[in-house]
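Enquirer: Below, each chain spelled out in residue letters.
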Amino acid sequence: MRLSRRVAALAVAFGTMFATVACSSTEEPGAGSKKVEVFTWWADGGEKAGLDGLVGVFKTDCADYEFVNGAVAGGAGSNAKQVLASRLQQNEPPDTFQAHAGAELSDYINDDQLEDLSAQYTEWGLGNAFPKGLIENLTVDGKIYSVPANIHRANVLWSNKTVLAKAGITKDADTLDGFFADLDKLKASGVATPLALGKDWTQQMLFEALLISKLGPEKFNGLWNGGTDWKGADITAAINDYKKLLTYTNKDRDTFDWTDAEKLLMDGKAAYQLMGDWEAADLDAKGFKDYGWSVFPGNGNVFQWLADSFVLPKNVKNAEGTKCWLKTVGSATGQAAFNQKKGSIPARTDVGTDGFPAYQQAAMGDWKTATQVPSCPHGSACAQGWQGAVGSAQGKFSADGDVAALQTALAAAAAEFGSKK
Amino acid sequence: MRHRRRTWIPGLLLISPSLILLAVFVYGLIGWTVNLSLQDRHNARPAKGYVGLDNYTKLFTSDINDRFAHSLQNLVVFTLVFMVGTIVLGLVWALLLERRAKAEGFWRTVYLFPMAVSFVASGVVWRWLMNTGQGDDAGGINAIFHGLGLGFLESPWWTDPDWGMAAMAIPAIWQLSGYVMALFLAGFRGIPEELREAAVVDGATTFQLYRQVLFPQLTPTILSALIITGHMSMKMFDLIMSVSGAQWLTEVPAVYVWQTLLTRDYAKAAAISVFLLLIVAVVVVPYLIHVNRSEKRS
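Note that the protein sequences, when read in sequence, are chains W and A.
Heads up: the first sequence at position 118 corresponds to 118 in full-length UniProt numbering, and the numbers run straight through without jumps.
Heads up: the second sequence at position 15 corresponds to 15 in full-length UniProt numbering, and the numbers run straight through without jumps.
Source of the hints: derived by calculation from the structure; they are not laboratory data.
Straight-line C-alpha distance at most 35 angstroms; calculated DSBU-like pairs for lysine-lysine:
1) Lys185/W / Lys269/W
2) Lys214/W / Lys368/W
3) Lys48/W / Lys59/W
4) Lys341/W / Lys35/W
5) Lys231/W / Lys48/A
6) Lys289/W / Lys166/W
7) Lys58/A / Lys244/W
8) Lys314/W / Lys48/A
9) Lys58/A / Lys231/W
10) Lys219/W / Lys251/W
11) Lys317/W / Lys48/A
12) Lys59/W / Lys143/W
13) Lys251/W / Lys235/A
14) Lys341/W / Lys34/W
15) Lys243/W / Lys161/W
16) Lys368/W / Lys231/W
17) Lys368/W / Lys219/W
18) Lys58/A / Lys251/W
19) Lys327/W / Lys35/W
20) Lys269/W / Lys341/W
21) Lys132/W / Lys317/W
22) Lys251/W / Lys185/W
23) Lys58/A / Lys243/W
24) Lys58/A / Lys314/W
25) Lys286/W / Lys251/W
26) Lys161/W / Lys214/W
27) Lys143/W / Lys48/A
28) Lys244/W / Lys269/W
29) Lys187/W / Lys231/W
30) Lys166/W / Lys286/W
31) Lys187/W / Lys286/W
32) Lys58/A / Lys219/W
33) Lys231/W / Lys251/W
Please read these numbers as outputs of a predicted model, since none were measured by experiment.
Working from the sequences, and respecting the hints, build out all of it.
Expert: Structure (structure tokens):
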């Protein structure tokens, strides 16, 4: 007993020591009531340009406040998330931070670190500006905690037009069977691995696109909110189809990131790749013009979305300034300025398509009429623990192709991390 | 009394800074981690209470896909291949140099040099060398095999589900063999010349000289080499992260800790860390006791 108390005392001593260290090092940016520290991992490329566009609007709309850039570069956000986690732990939150909209926020909501923004949604009229499906996906127990700055689409099938033409494919398939038939045609025309694929999380994206085709949007939504059973026979059938789909993909997929798979498409070694619509901006940047796109065969008008959003953490130094930032993020001018540069589309449906590239204009049209479903690897459908478990399970399946094991693992992950209904 | 006090006080004062630093930053933090591993802190909120050894037993009973057991299995393959590989290569190189090879100093540097490179840097290069493309897509070593018409030697390297971790050990062997060679060389040089001369006078062949006289003298060296490579291997993280990144195929406990930490499961990450510390301690502590005893004896 004495010993454990001593251990506890020691632990407390360390805790306070680190708290002091953290305070002294992070006091600077948020100090002063006029400054708004915006914490992101947008440090370069199109993301930085988008942020700059947003800041431009903020400077005119919120002239009373001063923008402070709290970007942490590197690791596709994993570095930033570590820094953020420790700052939140020490109760030294930035005035606002970037987070994937949807279920990934539940980590912060459950930790009681975010303020409810429902009142602001009404005040700013966001409830009508965003599509109903998005509002439903964002709402947690009747409350909304974030303002999405943009929308990306995950279920897009990219193609190399020349390779398709060579195999005699002139029309995009709109059913799974049609897709398999096209893949067979491509194989026959000499493309050994017509579907380019990368490692674990990209595999999960492909699997989810296939699930949408097999289950339809309602049952697919149910997978993430507890309404659909992961152990069902329809899931087994989907995994078997997915296994068949893997036979058309490159064997070294586990060594590939999505950009490596993209290169297979550009080099004509593959005809198709399923990837989010950030691929359009990337292909444009790389000067590859010969690409086509369609929604994944069988997905119909389902729009699998993911979004970056901003939040109002509890105990911030400048809550009013943060609200002004969030208002800018949610405004039509703010969303236009941000998304034209970043290569995504506005979450609002009332932003004009002028000034957007071809792909984005088409996606903005789809967004208004589509059925919205979330994505797990991108945080709109599941929190980080769930994402990790699912990615690992897909990595294993890619190596051993064990259908029963994948289904058990996915069901176990849903039971461990999903909502307890 | 006064005299005795005078002798120990300055000594204590002198080592007290390092003692305090060690107490706080090594043993204090170990204690903190152990304490954390016994609580139910699976998110950023403060823990609700202590759960005993639950976090440890769950690693073995209810981890999805037996992920932890799989990471341990990977670690065993990696460690065995790495240790055997470095010892064998190190010994062979040491034997060659020990036979008074020409330009010994040059070769010693050549073999020892890879150790100066960080695992991250060599990992990036080996990631390319162990490119898994085969046939016409081959890159790195596979491309060399392909070009030489030795296509049957092309390998999936670290992506092989069963033996991938053996391939992952190759860069580590490449880096550490030189160091083991240096250990053995020092061991050979530490054996008195008289022993060799006596053996030669007794008419021993070269083989007999090594087998009966020199190798038995090297036991402590081999033990050191095993301990040093063994504990390095068990903590392996940077090499794997730069060759394959964090993923199922090549996951070892250290990588798993990182992945768990990223998903904010602090208690589970702490439990894996403590487990890793324990298995390293099982190897290192008996060795330290052994060294301590033999030093006292001599």
